[in-house]
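Add chain A to chain S, keeping to what the hints say.
Each protein sequence line maps, in turn, to chains S and A. For the first sequence, the UniProt record's numbering assigns the number 1 to the initial residue and increments by one for each residue that follows. For the second sequence, the UniProt record's numbering assigns the number 1 to the initial residue and increments by one for each residue that follows.
Simulated from the structure, these hints should not be mistaken for laboratory data. Check the hints yourself; a few may be wrong.
In the SDA-like style, the derived pairs of lysine to any residue whose C-alpha atoms are separated by at most 20 Å in a straight line are [stated by the list, open to error]:
id : chain 1 : residue 1 : chain 2 : residue 2
1  : S       : K75       : S       : S62
2  : A       : K553      : A       : C630
3  : S       : K50       : S       : D71
4  : A       : K59       : S       : Q38
5  : A       : K252      : S       : D36
6  : A       : K63       : S       : D17
7  : S       : K50       : A       : E241
8  : S       : K50       : A       : I246
9  : A       : K59       : S       : S37
10 : S       : K76       : A       : I246
11 : S       : K50       : A       : S16
12 : A       : K584      : A       : A516
13 : A       : K252      : A       : L136
14 : A       : K59       : S       : G34
15 : A       : K252      : S       : Q38
16 : A       : K353      : A       : H321
17 : A       : K252      : A       : L186
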Amino acid sequence: MNDIYQKLQDVFRDVFDDPDIVLTPETTASDIQGWDSQAHISLIVAAEEKFGIRFRTAELESLHNVSDFADLIRKKSTAG
Amino acid sequence: MLRMDWLPPRPVGFDSFDEAFHATHDLTNTDEILARLRLLSGCRRNFLQTGKADRLLEKVAQKTDGHLASDLRTVRIAILASHTVEHLVPSVRIAALARSLDARIHVAPYGQYRQAVYGPHADLLAFSPQFILFALDMRDAPLDLPLSASLADVDEAVLRRTDELRALWRHAMATFGATIIQQTFLNVDPPVFGAFEQLVPASRASVLLRLHLSLAQAAREEGVLLLDMDECTTLAGGLPELHDAIRWHQAKQFVSPHAAIIWGDVLARIIAAACGLSRKCLIVDLDNTLWGGTAGDDGPEYLRLGPGTPDGEAFYVFQEHISRLMQRGIAVAVCSKNDINIAEAAFNQPSMKIQRRDIAVFVANWNNKADNIREISRTLSLGLDAFVFADDNPAEREIVRRELPQVAVPELSDDPSDYPRLISASGWFEAASFTRDDAIRVQNYSADVSRSAARENASDLDSYLQDLNMVMSARRLADSDFSRVLQLLNKTNQFNLTGRRYTGPELRALLSCPSAQIWTFRLADRFGDNGLVSVVILVPNEISPSVSGQDQKLLHIENWIMSCRVLGRGLEHAALAVLIQAMKQNNISDVTADYRQTSRNSMVSGHYASLGFSRTDGTEDGTDTSWALCTHDPIHDATQKACMNIRIVTDE
Numbered sequence: 001m002n003d004i005y006q007k008l009q010d011v012f013r014d015v016f017d018d019p020d021i022v023l024t025p026e027t028t029a030s031d032i033q034g035w036d037s038q039a040h041i042s043l044i045v046a047a048e049e050k051f052g053i054r055f056r057t058a059e060l061e062s063l064h065n066v067s068d069f070a071d072l073i074r075k076k077s078t079a080g
Numbered sequence: 001m002l003r004m005d006w007l008p009p010r011p012v013g014f015d016s017f018d019e020a021f022h023a024t025h026d027l028t029n030t031d032e033i034l035a036r037l038r039l040l041s042g043c044r045r046n047f048l049q050t051g052k053a054d055r056l057l058e059k060v061a062q063k064t065d066g067h068l069a070s071d072l073r074t075v076r077i078a079i080l081a082s083h084t085v086e087h088l089v090p091s092v093r094i095a096a097l098a099r100s101l102d103a104r105i106h107v108a109p110y111g112q113y114r115q116a117v118y119g120p121h122a123d124l125l126a127f128s129p130q131f132i133l134f135a136l137d138m139r140d141a142p143l144d145l146p147l148s149a150s151l152a153d154v155d156e157a158v159l160r161r162t163d164e165l166r167a168l169w170r171h172a173m174a175t176f177g178a179t180i181i182q183q184t185f186l187n188v189d190p191p192v193f194g195a196f197e198q199l200v201p202a203s204r205a206s207v208l209l210r211l212h213l214s215l216a217q218a219a220r221e222e223g224v225l226l227l228d229m230d231e232c233t234t235l236a237g238g239l240p241e242l243h244d245a246i247r248w249h250q251a252k253q254f255v256s257p258h259a260a261i262i263w264g265d266v267l268a269r270i271i272a273a274a275c276g277l278s279r280k281c282l283i284v285d286l287d288n289t290l291w292g293g294t295a296g297d298d299g300p301e302y303l304r305l306g307p308g309t310p311d312g313e314a315f316y317v318f319q320e321h322i323s324r325l326m327q328r329g330i331a332v333a334v335c336s337k338n339d340i341n342i343a344e345a346a347f348n349q350p351s352m353k354i355q356r357r358d359i360a361v362f363v364a365n366w367n368n369k370a371d372n373i374r375e376i377s378r379t380l381s382l383g384l385d386a387f388v389f390a391d392d393n394p395a396e397r398e399i400v401r402r403e404l405p406q407v408a409v410p411e412l413s414d415d416p417s418d419y420p421r422l423i424s425a426s427g428w429f430e431a432a433s434f435t436r437d438d439a440i441r442v443q444n445y446s447a448d449v450s451r452s453a454a455r456e457n458a459s460d461l462d463s464y465l466q467d468l469n470m471v472m473s474a475r476r477l478a479d480s481d482f483s484r485v486l487q488l489l490n491k492t493n494q495f496n497l498t499g500r501r502y503t504g505p506e507l508r509a510l511l512s513c514p515s516a517q518i519w520t521f522r523l524a525d526r527f528g529d530n531g532l533v534s535v536v537i538l539v540p541n542e543i544s545p546s547v548s549g550q551d552q553k554l555l556h557i558e559n560w561i562m563s564c565r566v567l568g569r570g571l572e573h574a575a576l577a578v579l580i581q582a583m584k585q586n587n588i589s590d591v592t593a594d595y596r597q598t599s600r601n602s603m604v605s606g607h608y609a610s611l612g613f614s615r616t617d618g619t620e621d622g623t624d625t626s627w628a629l630c631t632h633d634p635i636h637d638a639t640q641k642a643c644m645n646i647r648i649v650t651d652e
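Okay, chain S solo, but in the shape it has when bound:
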């Protein structure tokens, strides 16, 4: 669990080029400057690379905050 947050935090820091980003489960797009639809695509691509997973067609509908993100990654990592 913590490992996923740590890695996800690295992804966010890298995508937004901001080493000060600290993620909590409640973090949403409105908390991070620059988290627009454009950056969202980068996050998804970067997370796929970092965790070695591939989000399925139906899986991206319900990603509203960081905990949604982390839950989905955990589910896919353990399943895989």
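Okay, now just chain A, sitting in the frame of chain S:
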């Protein structure tokens, strides 16, 4: 695996993209950050790295109020798409930066391309695009025919769709005066017939193939450029890399995020080509670049080239590729660490596809290659940004990248079989037109070198000019020269009096305006035909004061450009003589003109003074000046003299 293997693998002076990018945090000066971004834009990078570079570029643009750097040309591009393109925009901007363009991009609402052109389009008009890309996909052009439809049915449907697009292009050109780029329709549906698919007239593959041919024909006729999605697919390494069905269903992304770097690069190179920024000359190394082996050590007769050895065949195919580049107007120069006699002797080998006489400048010595390239640039009178350098030796490539960042240095692999693909994929020779003059240009470069030699041998400039037997033909712009004139107007930087650029539709509008005159000048001499080398655009003067109640007609020179290759021959004087003659015949008493300084045209700041114009206005430092000439004044001495050296043929 998608990677742009023709780009330098890492930025000069750094171990990786990421290292160079993170080091931007230590930079505070926006000029330094921009210089670093330009370096990064030209090297290998993925979707995420490109996105980060673009966000930093955006910050620099905000800090500098959008004035990034004086040597970047601003281009405004509108993308009208039937699929999502927002994720592609950073890749376009960064690839544009690598080609010295500051791309401003307007994306019309998704799927609304018809409305953007035909409907209320205040947004687009305000943006004033110079380029409009129609990024359409096959699902938008379904041509949903039953699989049993006949070939005639297919052709009718294809024609209907082509005509619809033709109308769209015409309307967009007329409304916005922009150059149109049409994305070709890529088939992403798997076949239902297997290999038999191509033999069924109404199959997806057949219909899209016929649409493609019909579209290319229409584009040729309308002066529209194509963004070739088949080429994008090849560059991306195949369809699964270019198009990801998951992303399509999730977000209507026709081009996958990973392939954004390819699509962006292809669009940027097309626009750079249309702006006249494509490269003009390929400089090649010899040993292990043009042939296998070392001429000096192995001996010219033992080089590997042509049939007999596998890599000899690969080198021959590379020579064939270069030979085709020459046919389309790319000059070729040699820069090799070699003994010149041995290097030239190698060209006597029967298996050589490229001949010694094809080489515009031949430099073989033991000097530093950066110095030699500077020398080639001087000899050919081409700026360093006109060259592509191909060398199998990574150390030589690195030196040239470091010393001469303006020279494009595609990465080559350690296998000659890859060379043609890598040189082509680098996109530095992208064309936006192909004219008669392009085909004769290669002989011109060699002739230029002969002219320089004649000049050095002549006792004085005047006798050199007399001996050249120059003939200038002057004529009003004809349709057959339209592409060449557009190309010349957009790529001439130095002998360009105002720096004004024209899109195809803008030039077309001028051509059809009865009161405007577009003059073209060709120059031939005893060394060959230089082709169409100068253009003067005359428009009615906006302020036509009438003196003493008489109707006085005035013309204004909107721009005057000339190819630097014919500099110092008096051509501009001969051209002026033709213009004055024509104006007198039409009772035009006065002509006005402006000089507007750009970053590249200071060499012509004295152009109008040297032609005998009087200065009427302008800034103290001479950066912006206005001039006038009375056509009844006596002809200037220099003009008379030039007319003695140049025979003038007018073709009215």
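The hints, checked one at a time:
no. : hint             : result
1   : S:K75 to S:S62   : 14 Å, holds
2   : A:K553 to A:C630 : 11 Å, holds
3   : S:K50 to S:D71   : 15 Å, holds
4   : A:K59 to S:Q38   : 16 Å, holds
5   : A:K252 to S:D36  : 17 Å, holds
6   : A:K63 to S:D17   : 18 Å, holds
7   : S:K50 to A:E241  : 19 Å, holds
8   : S:K50 to A:I246  : 19 Å, holds
9   : A:K59 to S:S37   : 18 Å, holds
10  : S:K76 to A:I246  : 16 Å, holds
11  : S:K50 to A:S16   : 19 Å, holds
12  : A:K584 to A:A516 : 16 Å, holds
13  : A:K252 to A:L136 : 12 Å, holds
14  : A:K59 to S:G34   : 12 Å, holds
15  : A:K252 to S:Q38  : 14 Å, holds
16  : A:K353 to A:H321 : 10 Å, holds
17  : A:K252 to A:L186 : 15 Å, holds
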